[in-house]
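Model the full structure from these sequences, guided by the hints.
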Amino acid sequence: MINAQSLRKKNLGSIKTQGLGQNHKVATQGTLRTQRIHARSSKTLSCLYRPEKTDPNADPLEGTLTDLSLGGGILQVQEPLKIGMKIRIKLTPSSQDDKSLPKKMRFGQWVWGSVLRKLASSERQANTSYDYAFSFSDDREQTYRHLVNKSISWVALLSFILVIINVLYLKSNNIYYFWYQPLINIYSFTISAYILSRFILAYFYKPPKEKGYRPLVTIVIACKNEEASIRQTLDCIYKSDYPSDLMEVISVDDGSTDRTYQEMERAQKRYPTLKLIRFEKNLGKRHGMAAGARQASGEILIYVDSDSFLRKDAVRKLVRGFSDPSVGAVCGHAVVENAHKNLLTKMQEVRYFIAFRIVKAAESVFSVVSCCSGCLAAYRRSYVMEVLDTWLGQRFLGSDATFGDDRSLTNYMLKRFRVIYDTEAVCATVVPEKFRQFFKQQVRWKKSWIRESYIASKFMWMRNPIAAIFFYLGVVFPIFSPIILLNALIFPVFGYGDLSFLYVYGVFLMALLYGLFYLIQYANRFWIYGVLFAFFYMFILVWQTYYALLTVNKNHWGTR
Amino acid sequence: MEQPSTVVRSFRRDRLAWLFFVLFLLVSISGGSLWMNRTIIPEGLYAANTETQTTAIAVLSYEHVVEKSPDGTHVDRARFREHLQALRNDGFHSINLSALSDFLYNGKALPSKPVLITFDTGYLDTFSVVDPVLRQEKWRAALFLKTIRQENRDTHFLYWDRLQRMVNSGIWEIASYGHQGTDLLSLETDQKDSLLFSIGSDYEKSRLLIDQHLKNHRVTAYALSTPIHSKIEEATEESRLTRKTLKSSYLLGFVDDPIGSNPSSSDPYHLRRLRVSPSITGEQLIQHLHAAMNPPSEVHAGNIEKAEAAQWLPLGGAVRTEANTTILEGSPSAQIILTQSHWTQDWVLETDLKMHSGQFWLMQTAPDTLKKWRIGGDLSALYLQHFSEEGLMETLARIPFPEKMDHEAWHHLRIIKRGQGLSVEWDHKPLGEHPYYLAIPWRGALQWVAWNTEQPARLHLANQTFAAFRANTQVVQAYPSPETVQSLVKDSRDIGTVLPFWIEINGDTLNTLPMDHDLFLILSRRQAWEILPLVRIKSTPDIRQVNAPAPHSQISSMPSLLNDILNAFEKTPWKGLYFDFSLLDTLQQRQWVEALETLQAHRKDISPQFQITPSSTSVILTLTHQ
Numbered sequence: 001m002i003n004a005q006s007l008r009k010k011n012l013g014s015i016k017t018q019g020l021g022q023n024h025k026v027a028t029q030g031t032l033r034t035q036r037i038h039a040r041s042s043k044t045l046s047c048l049y050r051p052e053k054t055d056p057n058a059d060p061l062e063g064t065l066t067d068l069s070l071g072g073g074i075l076q077v078q079e080p081l082k083i084g085m086k087i088r089i090k091l092t093p094s095s096q097d098d099k100s101l102p103k104k105m106r107f108g109q110w111v112w113g114s115v116l117r118k119l120a121s122s123e124r125q126a127n128t129s130y131d132y133a134f135s136f137s138d139d140r141e142q143t144y145r146h147l148v149n150k151s152i153s154w155v156a157l158l159s160f161i162l163v164i165i166n167v168l169y170l171k172s173n174n175i176y177y178f179w180y181q182p183l184i185n186i187y188s189f190t191i192s193a194y195i196l197s198r199f200i201l202a203y204f205y206k207p208p209k210e211k212g213y214r215p216l217v218t219i220v221i222a223c224k225n226e227e228a229s230i231r232q233t234l235d236c237i238y239k240s241d242y243p244s245d246l247m248e249v250i251s252v253d254d255g256s257t258d259r260t261y262q263e264m265e266r267a268q269k270r271y272p273t274l275k276l277i278r279f280e281k282n283l284g285k286r287h288g289m290a291a292g293a294r295q296a297s298g299e300i301l302i303y304v305d306s307d308s309f310l311r312k313d314a315v316r317k318l319v320r321g322f323s324d325p326s327v328g329a330v331c332g333h334a335v336v337e338n339a340h341k342n343l344l345t346k347m348q349e350v351r352y353f354i355a356f357r358i359v360k361a362a363e364s365v366f367s368v369v370s371c372c373s374g375c376l377a378a379y380r381r382s383y384v385m386e387v388l389d390t391w392l393g394q395r396f397l398g399s400d401a402t403f404g405d406d407r408s409l410t411n412y413m414l415k416r417f418r419v420i421y422d423t424e425a426v427c428a429t430v431v432p433e434k435f436r437q438f439f440k441q442q443v444r445w446k447k448s449w450i451r452e453s454y455i456a457s458k459f460m461w462m463r464n465p466i467a468a469i470f471f472y473l474g475v476v477f478p479i480f481s482p483i484i485l486l487n488a489l490i491f492p493v494f495g496y497g498d499l500s501f502l503y504v505y506g507v508f509l510m511a512l513l514y515g516l517f518y519l520i521q522y523a524n525r526f527w528i529y530g531v532l533f534a535f536f537y538m539f540i541l542v543w544q545t546y547y548a549l550l551t552v553n554k555n556h557w558g559t560r
Numbered sequence: 001m002e003q004p005s006t007v008v009r010s011f012r013r014d015r016l017a018w019l020f021f022v023l024f025l026l027v028s029i030s031g032g033s034l035w036m037n038r039t040i041i042p043e044g045l046y047a048a049n050t051e052t053q054t055t056a057i058a059v060l061s062y063e064h065v066v067e068k069s070p071d072g073t074h075v076d077r078a079r080f081r082e083h084l085q086a087l088r089n090d091g092f093h094s095i096n097l098s099a100l101s102d103f104l105y106n107g108k109a110l111p112s113k114p115v116l117i118t119f120d121t122g123y124l125d126t127f128s129v130v131d132p133v134l135r136q137e138k139w140r141a142a143l144f145l146k147t148i149r150q151e152n153r154d155t156h157f158l159y160w161d162r163l164q165r166m167v168n169s170g171i172w173e174i175a176s177y178g179h180q181g182t183d184l185l186s187l188e189t190d191q192k193d194s195l196l197f198s199i200g201s202d203y204e205k206s207r208l209l210i211d212q213h214l215k216n217h218r219v220t221a222y223a224l225s226t227p228i229h230s231k232i233e234e235a236t237e238e239s240r241l242t243r244k245t246l247k248s249s250y251l252l253g254f255v256d257d258p259i260g261s262n263p264s265s266s267d268p269y270h271l272r273r274l275r276v277s278p279s280i281t282g283e284q285l286i287q288h289l290h291a292a293m294n295p296p297s298e299v300h301a302g303n304i305e306k307a308e309a310a311q312w313l314p315l316g317g318a319v320r321t322e323a324n325t326t327i328l329e330g331s332p333s334a335q336i337i338l339t340q341s342h343w344t345q346d347w348v349l350e351t352d353l354k355m356h357s358g359q360f361w362l363m364q365t366a367p368d369t370l371k372k373w374r375i376g377g378d379l380s381a382l383y384l385q386h387f388s389e390e391g392l393m394e395t396l397a398r399i400p401f402p403e404k405m406d407h408e409a410w411h412h413l414r415i416i417k418r419g420q421g422l423s424v425e426w427d428h429k430p431l432g433e434h435p436y437y438l439a440i441p442w443r444g445a446l447q448w449v450a451w452n453t454e455q456p457a458r459l460h461l462a463n464q465t466f467a468a469f470r471a472n473t474q475v476v477q478a479y480p481s482p483e484t485v486q487s488l489v490k491d492s493r494d495i496g497t498v499l500p501f502w503i504e505i506n507g508d509t510l511n512t513l514p515m516d517h518d519l520f521l522i523l524s525r526r527q528a529w530e531i532l533p534l535v536r537i538k539s540t541p542d543i544r545q546v547n548a549p550a551p552h553s554q555i556s557s558m559p560s561l562l563n564d565i566l567n568a569f570e571k572t573p574w575k576g577l578y579f580d581f582s583l584l585d586t587l588q589q590r591q592w593v594e595a596l597e598t599l600q601a602h603r604k605d606i607s608p609q610f611q612i613t614p615s616s617t618s619v620i621l622t623l624t625h626q
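Chains X and E, in that order, give the protein sequences. Mapping of the first sequence onto our numbering: residues 1 to 560, in sequence order. Mapping of the second sequence onto our numbering: residues 1 to 626, in sequence order.
No lab work stands behind these hints: they were computed from the structure. Positions of the beta carbon are idealized from the N, C-alpha and C atoms, including for glycine. There may be inaccurate statements among the hints.
[To be verified] Sample of chain X residues with no beta-carbon within 12 Å of chain E, all distances over it, derived:
1) 51
2) 77
3) 109
4) 164
5) 283
6) 367
7) 391
8) 400
9) 433
10) 454
11) 464
12) 467
13) 492
14) 547
[Unchecked claim] Sample of chain E residues at the chain X side, in silico, Cβ under 10 Å:
15) 11
16) 14
17) 15
18) 17
19) 18
20) 20
21) 21
22) 22
23) 153
24) 154
25) 155
26) 159
27) 161
28) 162
29) 442
30) 526
Listed below in C-alpha cells is the structure:
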C-alpha cells in the first residue's frame, strides 16, 4: 500500500539536504521527534531553569546550554534531574541571540522542555555537574508547523491518488469513445499508460542489496574548463566512506584553457594518491573517459562529472549493485546542487527527481536503464574494455559521435548485461542556470537520445516484453507529441478543428502527478515548479525533437 | 568479504516472458472479441404458430431511452423494462423487420400478438441503457439511424463499432432514419426547391452508408418523421417520385402515428409506429395496444344501437374519469383517442355530451396524408371542417343548434360515417336534411379534443359507443322512378352504395341499359352515396368468337366483352363498376375474375387502370391513378 511513510522509507535519505556547508549538520534517519533535523548552534549559553512541580516563587537554578537547536540541546546543571521530567528554561540576558534557538527563547521567555536522558559528563566537570539531553516541548506554533509539515505529505498523497483516479476515468473515455477519434485516443491512452506505468514500476523498485561487496574502484573525472568546481568535486570524492585503499581516483584534463589543471595539481598535493592525465588539446569527454579507463586498475569504473559532488556513502552504495556479475552498469541518483538559484534551476530540481526516482527506477525494475547519467555512473571495467575501442570509434550518419558518451556507453552495456539504478548512491550536480545554456544542453541530449534510441531499438525487442514495449513507446511519443499539440491547439486557431481543452487538462494532470510525487517526498514548495516544467516541456521543449532530428549528425557540444 | 554471485545472466527469461505475453495477448484479444460479438439471439426467429392468424401488428417507437429521467421528459431504463415485461406478461411476442417483411410480402406466419420495438436516431444511450435490457429479456428491436451522426463521429451517438456488435448479437436490425432526416427541413429557402429530391437522395445515402459499414446486414426499412412524411405525401409529381425512390430501395416504411397498430393488410410503406410517451405505464401501454389491435364490433344499418362501449385513451392534456364520465379540461387542450377507429372507414359513434366551456371537436386524421376533418364547435353551433386541396382548413357546414345549448345539460350525439357521408343526430334528431359530404372517404384515428377559448375548455363525455358500420347496398334501375328515388332518400342514412343496373351479359350478348347519370350524380353528391353501375352476368360466353352484329346488343368473347364494358365505362362519370356473378357457378365466377385480372395486366401502361376487389359473388372494379 502506498502511503507517505512507505514512500519516505523507500527513498532513504529523503530528507532534503540544505547543502553541505560547515556550520550545519544534517540528520539521517528517525522520526521528527527524536531526530535533530534542525541546524545546531555550537555556542555555550547560560540559562536559568526550573523543574516542574517546584515552587514558582523560588529562585530558578542556573545552568548552561550547549549543542542547542530548535529541537533541543544539552543542559548542564549542578543538581541531578529525573529522566522524563519537565523543566522550564530561559536564557539569561547575557546569552546571545541565535537563529537556531526557538523564537520564544530569543525573546527571553520561559520555554518548556523535557529531560530525555543523562549524558556522560566531561572529565573536568565529573561529579560536580550533570549533562542531560533534553528536547523542547512543542508550543502551539511549533505544533502547528509540525502538523502542517506532516500533513502536507498526506494531503499530497491523497491528491496524487485523486489525480490518478481522474486520469483513469479519462482513459476509460478513450476506450469507450475509441472509434470516434482513433488516432487521438490511441495516443492519449498509450501516453497516459506509459506515464502511469513509470510510477507503478517505480513503486516496485528496490535498491540493490548490500552484500559487503568491496572491489577496487577507480573514480574518473574527465573535464574541460571546470576550475570553479573541480576542487569541490575532488574534495567530496575523498570524503567518501569507501575504504581509501580500495579507491583510486583519476582526474583527466581534456585540454582546458583555464586553471583547471592547476586546481587538479593543488588537489594532488592534498590527496597524493590522485592521478592526473592531461590532454594538450581538447579530444572530447569520451576520450577522457577512455583514458581513465585504460589507466584504471580498479574492477569498477565510476565516472563523475566535474560539477557533481558525491555524498559520503555514494561510492559504497554504487558498487554494491556489482555483486551480481550480470550487472554491467549502475546509475546513481543526482540531486540539483543549485536548485535555489532561479526558476529554471527549480524546475530542473523536480525534473531530475522524476527522471531518476521515477523513470530510471522504472527501467531498473527490468534492468534496462537506458542512460547512466554522467553525474554519477559506474561500469564494470572488464566489460567496458571489451567495447572501449568500438565505443571510441563510434560514428553515426557519417560523423564521429562526440556527444552522448554516457548514453552510448550505457547502450553497449545494455546490449549484453543488466543496467540498474541505485537511488541511494547520491550526488549533487550543478545544472544550467541560463535558458540559452539549458536549451543547448537539451538539444544535445535529444540528439544523443535519437542516435542511441535508434541503436537500442535493434536489440531492445529481445528484452522483457513490458520493458521492450515501453521502450519503443518512449521512442515514438516524442515524435508524435508535437503533431498532437498542433492538432489540439495550433490548427484550431486557424480554423481547422476544435480547440481541445481536454488536451491541456490532460497535460495538467500529468504535470500534477509529477509535482505531487515530489511533494509527497519532500513536502516543500518546489513541487509547483515540477508542474510548470511539465507544461514547459510539452509546449516548448517538445519542438526540439524535430530540430534534433534534423541536426543529429552535427556533432558539436553546443553548451561550450 | 562476500564473493560476487556466480550466476550468469541470460535473456532466456525475457524470451519466456515474450512467449507468455504473446499468448496472453492472443487469448485476451480473441476471447474479448468473441465475447463482445457473441450472439444473444440466434438466427431463426421463433417457432411461429402457423395456425395463428395475425390480425394486427403493433409497432412501438422510442426516441431516446436514458438511464434516469428526473424531469420525466424521456423514457428511462426502469420504465422501458416495465413496458417489456408488461408486453411479455400479456402474451406479446417480439418480432423484427425481417419477420415483418416476410409476413407482408410472403405471407409467412408471425407469432400471436406480434410487436416490433423500434428506436430512433441512434443515441449512445441505446447501447448503454437499452441493449443490456434487451439482452436480458431476449427481446428483438430495430434501430433507425440518422447516419450523419456516424459520419460526423458525434460522441453522443453510436458509431459503427458498437452498431456492428449490436447486429452481431442477433437482437438488433439497423434501418434508416435518413442521413440528415428532419434537418433537411431547416435548410435555407433557396435550397428548399430541391427538398423533395434531397429527401430521396438523403435516404438513399443513408442506406448505402449503413450497408457499407455493417457486415452481414442489409437495410430494408426506413422511418419518416412526421414533417418529412407530410412533405412527401403532397399531391405533386416530386412527391410521387420521392415515394417511388424510397420504394425502390426499401421494403418497409414507417410513419409516426398515435395508434401504432397495423392490420395484416397494411401497406408496407405506411406502417404505423406509436411513439411511446415517457409517462405511460406498462399497464396503460397494454390497454392502448388491446384497444388498437382489436377491430371494433360491427353493426348493420337498422341495429346501430348494438354498438359496444368505446375504449378511449388519454392522448394529452388533463383527462380524468369520474363515475363513468370522461372529463377533458383543456389547457390549452385535452385529447383522447379511439385506437380502434383506424380499422374501419365506416363507423357509428354515439355519446352523451356536456359542453361546459371552450370548444370541443371530434377529429379524424388520415395517417398517410396527415390531413384532418373535424366536427364540433361551441355552445352556439356545430361546424364541419376539413382540409381542402390547397391544404387549408375549410368549413363545409355550419349547423346551428335548435336552441342555444345549456352548458349544464347533457345532450346526445350520434355520428354515422359511411363513405364520404356524415350523418349527425343531435338529441336523437337529425341535423340537416341529408348527410354532409366529405371530399374523400376518410380513414384514420378519431380523437376528441377540448380546446380553450376565452375560458378553459371543459367537456364531459359519457356512455360512448363505437362500432364499424355496415351500410346497405341498394340495387336500383338505371332510370329510377321518382317514387324509387324518394324511397331511397328516405333510407339515405343506412345506404352506402347504390348499384344502378346498367349492363347485362348473357353469354355473348351484352345489353347496355340507358342510365340517368345526372340523377345519380346529384344523388351521390347529396346523399354521399357511392354509385357503382351494376354489370350483371347471367351466363358466360362461349370460347369461340362470334362476330355477327345484332341490334341493341354486341356479340363478342369474354375479353373483348370486358374491353367494351371498360370503354363504355370510361365515358361515364363513375369511379367504379360492380360485377355481379351471383347467377354463375363457382367455375364461371373464377373465369370472369381471371379475365379481369388478365385485362388488368394488359392495361398496365394504358389508361384507365383499375384494381379489382373480389368478394364471394362479386367484383368491384375501381379506377386508380396512373
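Results of checking the hints against the structure:
1. With a cut of 12 Å on Cβ distances, residue 51 (chain X) stays outside the contact zone with chain E, its closest approach being about 52 Å.
2. Separation of residue 77 (chain X) from chain E is adequate, the least Cβ-Cβ distance of about 48 Å exceeding the 12 Å criterion.
3. The Cβ of residue 109 (chain X) sits about 56 Å from the closest Cβ of chain E, beyond the 12 Å cut-off, so the non-interface label holds.
4. Non-interface status of residue 164 (chain X) relative to chain E is upheld: no Cβ of that chain comes within 12 Å, the nearest being about 23 Å off.
5. A cut-off of 12 Å between C-beta atoms confirms that residue 283 (chain X) is not in contact with chain E; the least separation is 34 Å.
6. A cut-off of 12 Å between C-beta atoms contradicts the statement that residue 367 (chain X) is not in contact with chain E; the least separation is 9 Å.
7. With a cut of 12 Å on Cβ distances, residue 391 (chain X) stays outside the contact zone with chain E, its closest approach being about 21 Å.
8. Listed as outside the interface, residue 400 (chain X) is consistent with that label: its C-beta sits roughly 31 Å from the nearest C-beta of chain E, beyond the 12 Å cut-off.
9. For residue 433 (chain X), the non-interface assignment is confirmed: its Cβ lies about 42 Å from the closest Cβ of chain E, beyond the 12 Å cut-off.
10. Against chain E, the non-interface label of residue 454 (chain X) holds: every CB pair exceeds 12 Å, the least being about 21 Å.
11. At roughly 5 Å, the least C-beta separation between residue 464 (chain X) and chain E is not larger than 12 Å, which violates its mark as non-interface.
12. Not every beta carbon of chain E lies more than 12 Å from that of residue 467 (chain X), the smallest distance being close to 8 Å; the non-interface claim is violated.
13. In this structure residue 492 (chain X) is separated from chain E by more than 12 Å, as the shortest Cβ-Cβ distance comes to about 17 Å.
14. Residue-level check passed: residue 547 (chain X) sits 34 Å from the nearest beta carbon of chain E, beyond 12 Å.
15. About 6 Å separates the beta-carbon of residue 11 (chain E) from the nearest beta-carbon of chain X, less than 10 Å, and the hint is met.
16. Hint status for residue 14 (chain E): holds, given a least beta-carbon distance of 5 Å to chain X, under 10 Å.
17. Interface restraint check for residue 15 (chain E): the shortest CB-CB distance to chain X comes to about 7 Å, inside 10 Å, so the restraint holds.
18. Here the hint on residue 17 (chain E) is kept, as its CB sits about 5 Å from the closest CB of chain X, short of 10 Å.
19. Because the closest C-beta pair between residue 18 (chain E) and chain X is about 5 Å apart, less than 10 Å, the hint holds.
20. For residue 20 (chain E), the suggested interface contact is upheld, since its CB lies about 8 Å from the closest CB of chain X, less than 10 Å.
21. Given the 10 Å rule on beta carbons, the hint for residue 21 (chain E) holds: about 4 Å separates it from the nearest Cβ of chain X.
22. Checking residue 22 (chain E) against chain X by beta carbon gives a least distance of about 8 Å; that is within 10 Å, so the hint holds.
23. Among the interface hints, the one on residue 153 (chain E) holds; its C-beta lies about 4 Å from the nearest C-beta in chain X, closer than the 10 Å criterion.
24. The closest approach between the C-beta of residue 154 (chain E) and any C-beta of chain X is roughly 8 Å, which is under the 10 Å cut-off, so the hint is satisfied.
25. Hint status for residue 155 (chain E): holds, given a least beta-carbon distance of 5 Å to chain X, under 10 Å.
26. Residue-level restraint check for residue 159 (chain E) holds (minimum Cβ-Cβ distance to chain X is 5 Å; threshold 10 Å).
27. Among the interface hints, the one on residue 161 (chain E) holds; its C-beta lies about 5 Å from the nearest C-beta in chain X, closer than the 10 Å criterion.
28. For the restraint placing residue 162 (chain E) at the interface with chain X, the shortest Cβ-Cβ distance is roughly 8 Å, inside the 10 Å limit, so the hint holds.
29. Taken as an interface hint, residue 442 (chain E) does not check out: its beta carbon lies about 48 Å from the nearest beta carbon of chain X, beyond 10 Å.
30. Restraint check, residue 526 (chain E) versus chain X: the minimum CB separation of about 66 Å is more than 10 Å; hint violated.
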